[in-house]
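With the hints as a guide, bring both chains together as one complex.
Spelled out from the first residue to the last, the chains are:
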Amino acid sequence: MTNIPVEAIAVKTPQPLPGAPDNWKRFFSFSTDHKVIGIQYLVTSFIFFLIGGFFAMIIRGELITPEADLVDRTIYNAMFTMHGTVMLFLWMFPSLVGLANYLVPLMIGARDMAFPRLNAAAFWMVPVVGILLMASFFVPGGPSQSGWWAYPPVSLQNPTGNLVNGQFLWLLAVAVSGVSSIMGAVNFVTTIVMMRAPGMTYFRMPAYVWTVLSAQIIQLYGLPALTAGAVMLLMDLTFGTSFFDPAKGGSPVLFQHFFWFYSHPAVYVIILPIFGVFSEIFPVFARKPLFGYKVVAISSIVITILSGTVWVHHMFASGTPGWMRMIFMFSTMAIAVPTGVKVFAWVATLWGGKLRLTTPMLFALGALLMFVFSGITGIMLASVPIDIHVNNTYFVVGHFHYVIFGAATMGMYAAIYHWFPKMTGRMYNEGLGQLHFWLTLIGANLNFFPMHPLGLMGMPRRVASYDPEFAFWNVLASIGAFLLGMSTLPFILNIVGSWVQGKKAPDNPWRAIGLEWLVSSPPPVENFEEIPVVVAEPYGYGKNEPLVENGKVIAATEI
Amino acid sequence: MTSLDTPMTEVVVTHAAEHTHDEAANSKLGFIVFLLSESVIFLSFFGGYILYKTTTPNWLPEGVTGLAVKEPLINTIVLVSSSFVIYFAERFLHRENLWGFRAFWLLTMAMGSYFLLGQAKEWSELSFGFTSGVFGGTFYLLTGFHGLHVLTGILLQTIMLLRSFIPGNYERGIFGVEATSLFWHFVDVIWIILFLLIYVWQ
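Protein chains in written order, with my numbering: chain D, 89 to 647; chain U, 2 to 203.
Chain U extracted, bound-state conformation (with noise of 0.2 Å):
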């Protein structure tokens, strides 16, 4: 209810403000959509990796002994401790605290960013390649897909921290940065299975 003395500008911004309510929820459910279905070509990949790894007669390519684990138990910690960082980032912007927000943001892209680096690392210290049968094959893909979408984590972030900086930016709510914020928590529970079923379960 409004008032008539009330000027007709504040109900048109009641309307708008409900508008882009809807439009918040709209693109949540979406996004949320959208990564359930994106998680079933991880879901194919890792059941196809499972197939191969329990059928396939002579796994490891010749002279490879395995994968070395501990700069991969490193990089994992260090991707999965981000999760919780990008959450602190996330409640800072809750509270308005734009500064702890930023702050917090950035230390998630560094560790993003630390994680590829180690990943990068691996894949050029390893002794088999892209062809070097199923193994080398589901192994690339696997890791690689899935370091598409640590890239694509980083490149939404730095839009996020770079729109940071408009003014009025948050008038129309934080949806960019809860989706930027889901889908990293998304990547990171890809990695986790990825990291027992590529490197645990060897």
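This is chain D alone, in the form it adopts within the complex (with noise of 0.2 Å):
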């Protein structure tokens, strides 16, 4: 009697449909795969970021003369109103979601995420919240023009007096995208901690899980304040409760409490991912370990604690008691700590590298510049005293562009480029890659660095017209934002023909060390043949030590 162990019996996984990574058309059905799913999260928030940037051309087409004199100004509070709303809910966070969706599964060693089917279901809510947000430019009285924070009283105004207008389809697309988030939450947390493969540990993640998983738990922790803000607004709006309304007794401020609770920690739910993403690209493109890889993966975590406590920053000028605002302001400024460890850890992961300035690199050092720069203007807005002047001033509107945009947006471009040959089994055109960044970097530091003296000088924000003392900068910033515009079409020329008819990618084709790049490209649709065994931490260059059992070393100098 012989024995064979039950292992050796090859099993084949029942593999998701439909079919192969060849065929386009499953990026038009319910997939249930995660990397189908990550596309269709990709390539549907990019479509949102071009409408949101359309928007913004209004708005900065608007400011480059003093007079209101291009848009009616209800048009223009539709404008910024729509341009925050899409560029947050439907560029940055599902962007995110998707590219997480793509890189966790394969990065822990998973064939898929823990419940594929809610994946799907998470997906396909995001259409439905664009379309409610569309669909509010054909309702009486347009759009929402309370600006993407909604504060009340100015989000209970309801003019045209119908039941279904701008706000009313503005809170019920805010309430959708959160359903679609926790969804997505649950189900990141549970794919980490669960479907980890043999011998991963939590500190042999990379650091991108490592950001994926804080960043998860901050939309578990604080989206629900937000639902839970927007459930009662929407009662003022409709059905006459006064939660928010001063008039009847109710108290705006406790919504902006709530507003707050969420949407300042939301910023570290796309910031956080981004740093991920910085972690990945420069120990690849520097030939070096990740610096202090443990410390840069705990300080992930106290972000996600701190960015708990820091929400009435935002809320400085609004009648906050002075303690509370000392309070707020030493934690606010206690957050730029482990921001601070991460910046000093890639610097130090940078030094003395032997750097490769491809896209994907040029993209995050460009990014993490912009980042360092926002960081400086958010410890000056964490101040109280400083805050108060400046509040609700373009100082405050450049400090998030250059987090958003700057940090964000252009992380998320390195992240494309980075794994776009992974995904597509295509390699982009550098020379378009690198068009892309300069005219990127120069637009967005024309556009969004005029509005610091903008706001130092006193412009408020969210006017359509303003003293002709301030055309000056203003013109600059349009002159940016018309770049920043022209910018996007040299990425989606390289994109869309890279995806045709690009040069083959290999499956490694930037020697780096990761579960991702061991598998074909784009992978098989079951991810792994045999789930790997891994053996290393991650980051091992110069290591001369395999990541998985029976891998290959990558040397250090190997390019």
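Heads up, a few of these hints could be off.
What the hints assert, rightly or not - Simulated crosslink set (EDC-like; lysine to aspartate or glutamate; CA at most 20 Å straight-line):
# : chain 1 : residue 1 : chain 2 : residue 2
1 : U       : K54       : D       : D333
2 : D       : K640      : D       : E625
3 : D       : K382      : D       : E633
4 : U       : K29       : U       : E39
5 : U       : K71       : U       : E126
6 : D       : K336      : U       : E24
To be verified - For each label pair, taking beta carbons as the anchor points, the in silico distance ranges come out as:
#  : chain 1 : residue 1 : chain 2 : residue 2 : range
7  : U       : S128      : D       : M412      : 33 to 39 Å
8  : D       : F291      : U       : L183      : 26 to 32 Å
9  : U       : S125      : D       : V267      : 28 to 34 Å
10 : U       : W202      : D       : E155      : 54 to 60 Å
11 : U       : N170      : D       : P597      : 46 to 52 Å
12 : U       : L36       : D       : K442      : 46 to 52 Å
Note that these hints are calculated values from the structure, not bench results. Idealized CB from N, CA, C, for every residue including glycine.
The structure is reproduced here in structure tokens:
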């Protein structure tokens, strides 16, 4: 009687249909493959990025002259409201979820997410959010005009008296987006905790996976607060309750608490995975291990915890008592510590490295630069005396555009270029990529830097007309914005062109270390023929040790 | 380890079992994570309630002197007891006593329904409405949102009860029953806090 081990029998995992990685039709289906869903997220959100960008062009077109002469003021209000809402809820969140969807199972050695059908359902809510928001252009009174933060009592105005008004649709869209995000967050946390390959302990997970875990925990504890606020606002708007209506004894400041309890940590939901992208890209293109990997990993969790304690810094000018201002000033400044730790770790990773300035590396470096700048203005804004002075001016607008565009969107570009060969099996065009980078870097700084002097001079945000003394910086900003608008053209050309007929990509074009680079490009439907056994920490560049059992060593100098 | 002359089907079954086990563990963790997140909505409402209660000058609407406590207290006792009943139902299922499970499960549903009916009766007898200031708003928001959860719980319990009649329903584990039961405990704990905040602290 011979015994054979069960493991020796090749177990074919049932393949999630439909089909093979070269079948484009699967992108238009209710596919449960995390890689298909990841790309669905990325492409859908990029389309909304273009729509949100188009709104920004209208805003900057209006602001190129001091007079309000391009569009009606109500349309202008709708434009900045929709610009902010689309960019956050339909570009930043879904694109990052898309990237994480694609990468996390591959990076931890899983065949798919923990709940594939939930994953697909969460994705298909994104187009619903988009349709709801866009539908508000066609209801009487047009879209919401209360800004992306929807502060009452402004958001409680309903001049047309219609039940289905712009603000109503806005709240509905935010609610659906919230449900989708919670579904995603439950899925990510379960996947990362339960589905790691054998040998992949927490401290062998790539830093990117750590940041996704941290970011999704924030979604879980923060988002419900916004949902609570949105439900109450909807009741006020639709059924005539008085939670936030000061005229009827309600408290508009409470809405601000609900809103910022989520929406400040939401910035970390956005920026943490971008930190993860930095931590993945810098070691590859500097050929050095990530400096202080464990500290970088832990600092993500520290940010997750601290980010829940800072929200009132958005409300220093909302009648907040002095003691509260002090507490939140300190907590806000404290968050610079784990963030600073990360920045130092990246600089130390780059220091003395053998740098390769490919497009993803350029974008990552540019994004890091932009992030450091926004971090400095962030510390300024955390300090109560400065914040009281520049509250609601363009200084704040400049600050958060450096974060959301400069760091997050440019970091997203870095990620797309970096993993494009893996996702599509094709190389992108390096020349077009570099052109895209320089247009973006110059356009972004030209667009967003002038907002800082404008804010210090006292130009308030969300105005369609302004004093002629502000004209110079506004013209510069508008030129930058149009340049930024054009910068998307080489990107689209590059991505579409390369996807269709780019050079075939090898499995590991960057000579990078990571489970996702061990599989073919694009990966097979089941990701791994055999689940790999991880035997080392990530980022073993120059360490002469393989990442997985029976794996190849990738030399530090190998390019 | 399995020997060569073992029929192949057994190997397949072993793997299927491992697979279901993983799935059940995933679902369990996922559901707990979801409930933790869901509790933050209630915490936000509670926080808002405390803020309103401590800062609103004229808390009670005109003509309202307070809330009657007696009937809500009976309701509370019934709902809290049902948590123990559902626990016993689950125990019966673990011991594969299907009829014991069904009986106690049905009793839980009855107690939950009693709670909901009591709530509806209380609502219909109150002299203030949803739009009667922040007091009315928070009262109906909190009790209504919680009631919606009770209703969801009863619907889930109905599904679980019906599914218990499908032959072989528990071959893939009893996650559905466990999750419903956990959800029920969650709804109970929320109610205890809610009862203390709204009825006891007047």
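Evaluation of the provided hints:
1. U:K54 <-> D:D333: Holds, because 16 Å separates the two Cα atoms, which is no more than 20 Å.
2. D:K640 <-> D:E625: holds, 15 Å
3. D:K382 <-> D:E633: holds, 18 Å
4. U:K29 <-> U:E39: holds, 15 Å
5. U:K71 <-> U:E126: With a Cα-Cα distance of about 14 Å, the restraint between K71 (chain U) and E126 (chain U) holds, given a limit of 20 Å.
6. D:K336 <-> U:E24: Distance ~51 Å between K336 (chain D) and E24 (chain U) Cα, so the pair is violated.
7. U:S128 <-> D:M412: 33 to 39 Å: Holds, since S128 (chain U) and M412 (chain D) (Cβ atoms, about 37 Å apart) stay within the stated range.
8. D:F291 <-> U:L183: 26 to 32 Å: holds, 31 Å
9. U:S125 <-> D:V267: 28 to 34 Å: For S125 (chain U) and V267 (chain D) the Cβ distance comes to about 31 Å; the hint holds.
10. U:W202 <-> D:E155: 54 to 60 Å: About 57 Å separates the Cβ atoms of W202 (chain U) and E155 (chain D), which means 54 to 60 Å holds.
11. U:N170 <-> D:P597: 46 to 52 Å: With a Cβ separation near 50 Å, N170 (chain U) and P597 (chain D) satisfy 46 to 52 Å, so the hint holds.
12. U:L36 <-> D:K442: 46 to 52 Å: Because 49 Å falls inside the window, the suggested range holds.
Checked against the numbered hints above, the structure breaks only hint 6 and satisfies the rest.
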